[in-house]
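Undergrad: Chain residues, written in single-letter form:
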Amino acid sequence: MATAGRRTDTKTQVQRLLGLLNKHSDVVSDSLTGSVEPQEKAYSAAVDALVGINALLPLEEGIYHLNPRIRSYLSEQMAQYSAFQALTRISDQIHSARSKWLEMLAIKHSGDLRDMQVMEDSFTLTVTEIHHFMTQNLLLLSTQIATDFGNVKTLRAKLQQNKFYADGVRKLSMELEQLEAFCNDMDKDSLGKGFYYVRQIVNTRIRSRLPEWFTRVNDVQATISRKLFESKELEVDVLLWSQSVLWLTRNPTLNGLDVAVDEKCPADLCIPTPIKVRPQLDVMARPVAGIDVIAAAVARLPKVVEASAAPEPKVIQKVLRRGNSIEEVALLPEEEMIEDLKQALLTQGHTEISGLAWQPDKRAVHGINDESWLLFLASQLALQQIPFTFSMLPREKGWTNDRYSDVVAQPLPFVSELELSS
Amino acid sequence: MKSQTNYCLLAGNYICPIAFPQEYDYLLDEANRSYTNEWLGGLDMRLARVGVDGAFFMAPVVLQPQHVTKIRDDILRYRDTYGPYLQMLQLIREGSPDFTFTPGEFVSLATLMQSVSESATLDSRLRSMALFIRDAQQRFNQRELIKKLLDHLKADGYLILANATSEIYQLTGKVDQIKSVLHYLAENSEIVSTVEDDPKDAASDLFDEAVANGNSGT
Numbered sequence: 001m002a003t004a005g006r007r008t009d010t011k012t013q014v015q016r017l018l019g020l021l022n023k024h025s026d027v028v029s030d031s032l033t034g035s036v037e038p039q040e041k042a043y044s045a046a047v048d049a050l051v052g053i054n055a056l057l058p059l060e061e062g063i064y065h066l067n068p069r070i071r072s073y074l075s076e077q078m079a080q081y082s083a084f085q086a087l088t089r090i091s092d093q094i095h096s097a098r099s100k101w102l103e104m105l106a107i108k109h110s111g112d113l114r115d116m117q118v119m120e121d122s123f124t125l126t127v128t129e130i131h132h133f134m135t136q137n138l139l140l141l142s143t144q145i146a147t148d149f150g151n152v153k154t155l156r157a158k159l160q161q162n163k164f165y166a167d168g169v170r171k172l173s174m175e176l177e178q179l180e181a182f183c184n185d186m187d188k189d190s191l192g193k194g195f196y197y198v199r200q201i202v203n204t205r206i207r208s209r210l211p212e213w214f215t216r217v218n219d220v221q222a223t224i225s226r227k228l229f230e231s232k233e234l235e236v237d238v239l240l241w242s243q244s245v246l247w248l249t250r251n252p253t254l255n256g257l258d259v260a261v262d263e264k265c266p267a268d269l270c271i272p273t274p275i276k277v278r279p280q281l282d283v284m285a286r287p288v289a290g291i292d293v294i295a296a297a298v299a300r301l302p303k304v305v306e307a308s309a310a311p312e313p314k315v316i317q318k319v320l321r322r323g324n325s326i327e328e329v330a331l332l333p334e335e336e337m338i339e340d341l342k343q344a345l346l347t348q349g350h351t352e353i354s355g356l357a358w359q360p361d362k363r364a365v366h367g368i369n370d371e372s373w374l375l376f377l378a379s380q381l382a383l384q385q386i387p388f389t390f391s392m393l394p395r396e397k398g399w400t401n402d403r404y405s406d407v408v409a410q411p412l413p414f415v416s417e418l419e420l421s422s
Numbered sequence: 423m424k425s426q427t428n429y430c431l432l433a434g435n436y437i438c439p440i441a442f443p444q445e446y447d448y449l450l451d452e453a454n455r456s457y458t459n460e461w462l463g464g465l466d467m468r469l470a471r472v473g474v475d476g477a478f479f480m481a482p483v484v485l486q487p488q489h490v491t492k493i494r495d496d497i498l499r500y501r502d503t504y505g506p507y508l509q510m511l512q513l514i515r516e517g518s519p520d521f522t523f524t525p526g527e528f529v530s531l532a533t534l535m536q537s538v539s540e541s542a543t544l545d546s547r548l549r550s551m552a553l554f555i556r557d558a559q560q561r562f563n564q565r566e567l568i569k570k571l572l573d574h575l576k577a578d579g580y581l582i583l584a585n586a587t588s589e590i591y592q593l594t595g596k597v598d599q600i601k602s603v604l605h606y607l608a609e610n611s612e613i614v615s616t617v618e619d620d621p622k623d624a625a626s627d628l629f630d631e632a633v634a635n636g637n638s639g640t
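Protein chains in written order, with the numbering used here: chain Y, 1 to 422; chain S, 423 to 640.
Keep in mind the hints are simulated off the structure, nothing from the lab.
Small disclaimer: the values here were computed from a predicted structure and weren't measured.
Incorrect hints may have been included.
[As the list claims (entries may be wrong)] Mimicking SDA-like on lysine to any residue, the simulated pairs with C-alpha atoms at most 25 angstroms apart in a straight line are: (1) Y/K264 / S/W461; (2) Y/K276 / S/Q536; (3) Y/K264 / S/E460; (4) S/K424 / Y/S91; (5) S/K424 / Y/Q385; (6) Y/K264 / S/Q444; (7) S/K570 / Y/Q117; (8) Y/K276 / S/Q559; (9) Y/K264 / S/K424; (10) S/K424 / Y/P272.
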């Protein structure tokens, strides 16, 4: 529980520190390339806050610089190194690892293994440091020789820098040999003494990488030596080019620069903007040369897809009725009168029935006049093949058509009821 | 050829004898140049050359405020506008002997690959460029990355594929445009400078240094 509580406490403190650095990242960024001075109120407050957590350290009165540890971390991350930044020596770490190894052997020999875990952890940390420092040294060297002039401005400074790094690389090369000897010793001893974990750590983190490190250090050494003699022959264009790449390397946080440009500057600087030309064919003119183009364009058109009817929404089918029941349809008044007439003809035997005299009251109620009724009656009787006659009026002068005054339904002596209903 | 040249200029190309030999020959004729200039005049453009005798390209008749703003923006975004080409061509220079950014120079994929293979430094720089080389990825092997780098430069008009079989590329006249920018920056900014620090003395120091060490260090 105590460990958990301490861990939570540490976590809160780390979060607070990182939060402050993040909040005032603009000041941290400024201080990476030089010292900073309090300016307006907000900036001064940020400087004060960073001084409060020792991220900024006072250089002189009112002038602050970035904590070297933070600068070192940021430089490593951004591969931005000062011109003569020294390589990190690893001799101390090799010596320390060797001492810890001897200590572990002594602990095992004594039989009191209580401190063995602590010692193993410490040894692992040292091996990790060696790996980290070597990686960073190689990154630093790669960056320094990335351009013809490294990150200095003049050839003289470059020569001095070359000498500086040539010495550094020579020492680094010697240290690598020490490291190789240490790894070989460890490989044999740890196997003999039963320290398999230690052997694995050394082999995986250092020994397996030694060949690559040797190659890169030799390569850097060769490059520095070669460039000592090549750099003096640079032509102006090449020199400018190299310096420009150098500027990009040295200023990873800058995107460009603000240079005064006016209308008198050379047109060479203006990168031409392409003007898209897309000739449109006059389809109506039916040009001979363009027919193929038009055909190709038509072929590229998307196919016409007939708009399909929107699918009907799915509904749950229900059984509304079983069987073929016939729905009764209510008859119209005139149809009812026809039906009554048919019944009357069947029931009354040989009596003929006058249409004009048939149910005059009912017709009056429903507003059916005589003329319409007689016309309807005649057509219905004809359709149902019921014999009938017209009571014709005498012809009169001036009338072209024959006129009738009544429709008389004839009796049905041989027609059965069944036939009539069908 | 007339329309072909006009289209080529409108597309924003730099017409040099390497990339567009026919169009370049056409424009070498005074009468053709006059015609092209007059034709571009209708678009408020003119026929211009990079430097005195560099590649032909289409430039505004007079630099208008919008052109000045664009030039300024290009320099404000120097890392994005010119940075990738500067770094990629610099890698080619370091990997190809005697390469001096002169139009017409050849770049051999095989030579470049050999140089990068022999130098862990060049290899690490090549890998760092995978961030901006078009269609490149960190997992690519050396050859793939170099091929992508050359393809990127080819697509943007700085190289042409001179021999597809042996994969030899050739630097075009468009590179002179970058050099013009560098010269302008040398005169108007401090990021580059043509003034060297007494190279004669430095050279003698070099010699003394080599003699004193008795070894060039390789």
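Undergrad: Give me the numbers of the hints this structure contradicts, sorted from smallest to largest.
TA: Hint check: 2, 4, 5, 6, 7, 8, 9 fail, others pass.
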